[in-house]
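Student: Next come the chains, spelled out residue by residue.
There are 2 protein chains.
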Amino acid sequence: MRTVIEHAWVLTMDPENTCYKDGYIIIEDTKILKAGEGPAPLRGDRCIDAGGAILLPGMVNVHCHVPMIPFRTMGDDCQDRLRRFLFPLEEKAMTPALVYWASLYGIAEMLLSGITTFLDMYYFEEQAAEACDKAGIRGILGETVIGQKTCDSKAPYGGLIYGEEFIQKWQGHPRITPMVCPHATNTSAPEYLQRTFALCEKYHTPFTLHASEMDYEMEEFSKNYHMTPTAFLDSLGLLAPRTLLAHCIHMTPEDLDLVAAKGASVAHCIGSNTKAGKGVAPVKGMTERGIPVGLGTDGPSSGNTLSMFTQFRLFASFHKTANHDRSLFTARDIVRLGTAGGARALGMENLIGSIEPGREADLVMVERGSVNMFPCYNPYSALVYSAERANVSRVWVAGQELVKDGVLTQMDLNEIRRRLWENMGDFIKKSQEFSAII
Amino acid sequence: MRTVIEHAWVLTMDPENTCYKDGYIIIEDTKILKAGEGPAPLRGDRCIDAGGAILLPGMVNVHCHVPMIPFRTMGDDCQDRLRRFLFPLEEKAMTPALVYWASLYGIAEMLLSGITTFLDMYYFEEQAAEACDKAGIRGILGETVIGQKTCDSKAPYGGLIYGEEFIQKWQGHPRITPMVCPHATNTSAPEYLQRTFALCEKYHTPFTLHASEMDYEMEEFSKNYHMTPTAFLDSLGLLAPRTLLAHCIHMTPEDLDLVAAKGASVAHCIGSNTKAGKGVAPVKGMTERGIPVGLGTDGPSSGNTLSMFTQFRLFASFHKTANHDRSLFTARDIVRLGTAGGARALGMENLIGSIEPGREADLVMVERGSVNMFPCYNPYSALVYSAERANVSRVWVAGQELVKDGVLTQMDLNEIRRRLWENMGDFIKKSQEFSAII
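Protein sequences appear in the order of chains A and B.
Quick note, our numbering runs 276 ahead of the 1-based positions in the first sequence.
Quick note, our numbering runs 276 ahead of the 1-based positions in the second sequence.
Only chain A is shown next, with the shape it has when bound in the complex (with noise of 0.2 angstroms):
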């Protein structure tokens, strides 16, 4: 099966940043073929014809908590949420139901908005990895590793064992890789940070975790450690090459120099971290050091939009002004992290994250139709100032066509919406506990 799309604004996003104005791409089965400029050198199956939109590869969205859907727009300006009402309502509510179809709404809203990989962690990832399977989007998928009672194991580190099983069940599926991952420094006591992190070098994942986040993590291990999170992190041999260190948003720079030298990387989340009065990660400290440094929307409790858009405009607006320097970060820089950034961050940079012969054929195209993009001389302005989720009007997932004119081809959203509806009846009961702080 050959599909061949001409007449595209092609950003390959290639190590040269190629970028073909009115180009072509050749998608045979799963992969990209080729791809160039001006009219396509075979003829496909199927052809299309872009119009001139703006086709980049899929976004890549390095930290999220998909299943979190039923707790967006629950007390985001509170104060402490996680520990006040996040924690304990997940762990008397979350269902396997409710995880499976809020992961499916969410996948449904990471593929309307062109986000075509995503790294999750959270509990019953299994029925994370079911509607993952079903949307046809790729997934790296966490159970998480935490000290306390969860909604999926009665026992404190239940994930680990939960987590062999979810691994040994779903490795070798072609687009999800099974995981566990701890939930945080501070979460996990240091013989568990080890265990997990043994358990992902035995079936050679990422490993992935929150870490120098919050100011208590801080505080608590300046006072019990007087060391910070990263630096214990590499005292328990725990930075490392498969090491993806969520948010690093209070980091000295010895703190960057260690994570630079052992070759981990970074899952920046500027929405949710800013939404929450947190910080600014030091992104330009870490880039310098050659850190590889990806985008994640964080769950959508957290960051609330599951999209690329959301987090390219705040990562401009942050960072130029955290610095105080407008040419800091092009545009072009900025798609390169949401894109090509973030399958290095995860180690899959031979397979996704630019459009490249061989790699697999995950793209985004983005409409210029719409008020907001236009005019358009530089597609990645666009991209980063002006473009939003509604733009996206089509995505392929290793060649499979999921979003055509913005809408889902393989599922229908109202009936997922319904589904999830008749799920959240018990969560929004218990919800109600909490109801003087949210």
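Worth double-checking, as some hints may not be accurate.
Each computed PhoX-like pair below joins lysine-lysine, with the alpha-carbon atoms no more than 20 angstroms apart [what the hints assert, rightly or not]: (1) LYS297(A) - LYS705(B); (2) LYS368(B) - LYS705(B); (3) LYS560(A) - LYS554(B); (4) LYS680(A) - LYS368(A); (5) LYS430(B) - LYS368(B); (6) LYS368(B) - LYS425(B); (7) LYS560(B) - LYS538(B); (8) LYS680(B) - LYS410(B); (9) LYS596(B) - LYS554(B); (10) LYS425(A) - LYS368(A); (11) LYS680(A) - LYS410(A); (12) LYS596(B) - LYS554(A); (13) LYS478(B) - LYS445(B); (14) LYS596(A) - LYS554(B); (15) LYS596(B) - LYS560(B); (16) LYS706(A) - LYS368(A); (17) LYS478(B) - LYS705(A); (18) LYS560(B) - LYS554(A); (19) LYS596(A) - LYS560(A); (20) LYS368(A) - LYS410(A); (21) LYS596(A) - LYS596(B).
No wet-lab data here; the hints were simulated from the structure.
Here the structure is a predicted model, which is why all the values come from computation and not from measurement.
Chain A is already provided as a structure; the job is to place chain B on it using the hints.
Tutor: Frame of chain A; chain B shown alone:
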């Protein structure tokens, strides 16, 4: 003519933040007759079932340069672009026809994103007024007075003469307030700042200018006058209730005290200020002092979207982060800034900005059917943290429905774009002189 809207989630933004979850609004000709909970007590010539959509006052954009549409995506990441290419290119290339079609395009974009009132400052404002008149939006339109040659005046300060004729011609229009405005604190000589203010007094219009925005502006005032721009304006007698200071990024506590004491207002443009890396205005200090603050998109080349949703999201993230407090400025506070707050900053709070009997029927309906709008426990959170332009379904100005199902009812967007594009050839040719920097 009476229109009745039922089954809407009505956010009145009245002083008590009254909200009707299954509410109605009755529009009588150009004004709001009544709003409340439950079924409407009167029938209309036209009845609309909102189906649970959010209905709020039309959004108020207190700072814009709408004719700058042709510049969008041009040199976004270029340092000092105002002096390096914006000023010279607009002086060379802007024409009345280009201003007319660009204004019509930008106004269309604002209507489609739920903005029903905007304050503009540019050149050839005669043409902006014609576009405003045709489009049905509400505009406060200022001809710029500046101490240099411009596209509409060979002599410096030509805007004063142009402007008074412009005011005389358009005064009394039901939706248009013509005015004059100095460009900035440092681009008009003090005498001309005062003469412009005197014209605004004579014709009872707002007085607005860029103030405390630029690093070099701050340095110039410090060096030349040993004063801040705010103290300097006050020394000239130019801080008054009619004064609307745009940007106010670099403000001392004393500056804020002065602005508050004199009853002046602030147009806060978080999107443009931060994209340019300039800084974050101290809005907490402003609202604590009772200074009226509205939100501005700034021009389409500075802010890139003409959507208040972009400002909402950036406002939340920046001010929560600057103050390290996620509970500061709730989503409801932020929606207020974009509606009633803007109306108050313009001195129009008895006319627009809230849903109350007797106010103009300027209304926006935001649908909740799209993927990013579910769930929605808190409609303010949905508007601030997840909504985007494309969620706007209907817009009324003075009772006239200008947007329906996300499409303009009175104008053809494609035709406007075609005519604008026809007028952009010379502009684009002249922009190529600056190709080394953009």
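Student: State for each hint whether it applies.
Tutor: Against the structure, the hints come out as follows:
1. LYS297(A) - LYS705(B): Satisfied, since the Cα-Cα distance of roughly 19 angstroms is no more than 20 angstroms.
2. LYS368(B) - LYS705(B): 11 angstroms, holds
3. LYS560(A) - LYS554(B): OK: LYS560(A) and LYS554(B) at ~17 angstroms, within 20 angstroms.
4. LYS680(A) - LYS368(A): 38 angstroms, violated
5. LYS430(B) - LYS368(B): Answer holds: LYS430(B) to LYS368(B) is near 11 angstroms, not above 20 angstroms.
6. LYS368(B) - LYS425(B): 10 angstroms, holds
7. LYS560(B) - LYS538(B): 18 angstroms, holds
8. LYS680(B) - LYS410(B): Roughly 17 angstroms between the alpha carbons, so the hint for LYS680(B) and LYS410(B) holds.
9. LYS596(B) - LYS554(B): 18 angstroms, holds
10. LYS425(A) - LYS368(A): 10 angstroms, holds
11. LYS680(A) - LYS410(A): Holds. LYS680(A) to LYS410(A) sits at ~17 angstroms (cutoff 20 angstroms).
12. LYS596(B) - LYS554(A): Satisfied, since the Cα-Cα distance of roughly 8 angstroms is no more than 20 angstroms.
13. LYS478(B) - LYS445(B): 15 angstroms, holds
14. LYS596(A) - LYS554(B): 8 angstroms, holds
15. LYS596(B) - LYS560(B): 10 angstroms, holds
16. LYS706(A) - LYS368(A): Holds - the C-alpha atoms of LYS368(A) and LYS706(A) are around 8 angstroms apart, at most 20 angstroms.
17. LYS478(B) - LYS705(A): 61 angstroms, violated
18. LYS560(B) - LYS554(A): Holds - the C-alpha atoms of LYS554(A) and LYS560(B) are around 17 angstroms apart, at most 20 angstroms.
19. LYS596(A) - LYS560(A): 10 angstroms, holds
20. LYS368(A) - LYS410(A): Violated, at roughly 27 angstroms.
21. LYS596(A) - LYS596(B): 18 angstroms, holds
Checked against the numbered hints given earlier, the structure breaks hints 4, 17, 20 and satisfies all the rest.
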